[in-house]
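Peer 1: The UniProt record's numbering numbers the first residue of the sequence shown as 1 and each following residue consecutively.
I should point out that these hints are in silico values taken from the structure, not numbers from a laboratory. Note that this is a predicted model, so its numbers are computed, not measured. Treat the hints with care, as some may be off.
Said to hold, decoys possible - Subject to a maximum C-alpha distance of 30 Å in a straight line, what follows is the list of computed DSS-like cross-link-like pairs (lysine-lysine):
id: 1; residue 1: Lys156; residue 2: Lys142
id: 2; residue 1: Lys156; residue 2: Lys135
id: 3; residue 1: Lys17; residue 2: Lys6
id: 4; residue 1: Lys132; residue 2: Lys156
id: 5; residue 1: Lys198; residue 2: Lys156
id: 6; residue 1: Lys198; residue 2: Lys135
id: 7; residue 1: Lys132; residue 2: Lys142
id: 8; residue 1: Lys17; residue 2: Lys5
id: 9; residue 1: Lys198; residue 2: Lys142
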Amino acid sequence: MLVSKKTKPGEMFNHFKSLLENFPAHQNRANWQSEQYRNIVQNLPNNHAICIHDYSENYRCSERTEIQSAYFQRAEVSIHVTILNRHAIFEVDGIDSTLDSPVIVSEQFFVINPNSDHDRHYTRYVQTLISKYLKSISAEIKIMHEFTDGCSAQYKSQNCMGDVCTHRSDLGYDVLIRNYFETSHGKGPHDAAGGFLKNQADYAVHRGAINECDKTQFIGDSKRVKMIQNDNSNSEINEVQCKTNDNTIEAIVEKDMIIAVLADDVDYE
Numbered sequence: 001m002l003v004s005k006k007t008k009p010g011e012m013f014n015h016f017k018s019l020l021e022n023f024p025a026h027q028n029r030a031n032w033q034s035e036q037y038r039n040i041v042q043n044l045p046n047n048h049a050i051c052i053h054d055y056s057e058n059y060r061c062s063e064r065t066e067i068q069s070a071y072f073q074r075a076e077v078s079i080h081v082t083i084l085n086r087h088a089i090f091e092v093d094g095i096d097s098t099l100d101s102p103v104i105v106s107e108q109f110f111v112i113n114p115n116s117d118h119d120r121h122y123t124r125y126v127q128t129l130i131s132k133y134l135k136s137i138s139a140e141i142k143i144m145h146e147f148t149d150g151c152s153a154q155y156k157s158q159n160c161m162g163d164v165c166t167h168r169s170d171l172g173y174d175v176l177i178r179n180y181f182e183t184s185h186g187k188g189p190h191d192a193a194g195g196f197l198k199n200q201a202d203y204a205v206h207r208g209a210i211n212e213c214d215k216t217q218f219i220g221d222s223k224r225v226k227m228i229q230n231d232n233s234n235s236e237i238n239e240v241q242c243k244t245n246d247n248t249i250e251a252i253v254e255k256d257m258i259i260a261v262l263a264d265d266v267d268y269e
């Protein structure tokens with residue numbers, strides 16, 4: 001219920017001024033972070049990789065010829081999008097990345113799940129799939145850089161930071177660096193990738209290439225797009241307790257980056 005409140009115009013403008021006090025610093029951090037991301041992609045060191053993780057909006061499966069009542073009973077699938085940047089490997093990409101001539105490859109990694117629960121257990125499961133994929137193509141990744149949004153249920157909470165502690169045993173990385181977008185909802189190529197995937201599914205239905213677009217229609221494999229279907233909607237990931245110097249909610253919200261080097265220990269900035 002809306003509550004009406006009467007106040008003087010001066011008080012309203014003073015309130016707006018208080019809200020704008022932190023905006024310049026916020027904008028400066030956001031611009032600096034975007035610039036640093038572009039720099040690290042263009043100058044990616046050897047044995048490093050970069051992942052941008054994002055949960056795309058759920059896709060509502062559709063049919064070309066559907067009955068009226070089916071419109072309100074469409075099945076949904078969740079789509080987790082990852083943009084993976086790594087050095088090229090000759091056996092996989094047909095070209096080799098060297099110190100004198102570095103070649104950075106960008107791949108789109110989709111994981112599709114019938115479960116609509118966007119929780120940290122599934123984002124952790126996605127991380128393990130990416131780690132397995134990198135090992136399957138013999139990519140020796142020692143340091144992984146991650147960029148995520150600030151959703152507490154998926155990436156930014158005590159438990160999520162605790163999951164980062166097990167990077168060495170579960171994922172095989174020496175160092176895991178997770179950066180949180182200053183804007184909390186970073187916009188970039190991961191949004192375009194998720195939207196493109198859903199648009200292509202709609203176009204396939206409209207053109208008659210397929211009569212019904214369900215979760216199985218998302219499965220495919222191309223040179224730059226990796227798609228994985230997970231039929232197990234209840235992926236169990238062990239919860240790990242992590243040592244942190246300050247575990248209050250206010251302190252976690254203010255963190256922009258966490259670095260996991262040693263097991264059971266996380267540094268943050």
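Peer 1: Could you check the structure against the hints above and give me the numbers of any it violates, in ascending order?
Peer 2: Result: hint 9 breaks, nothing else.
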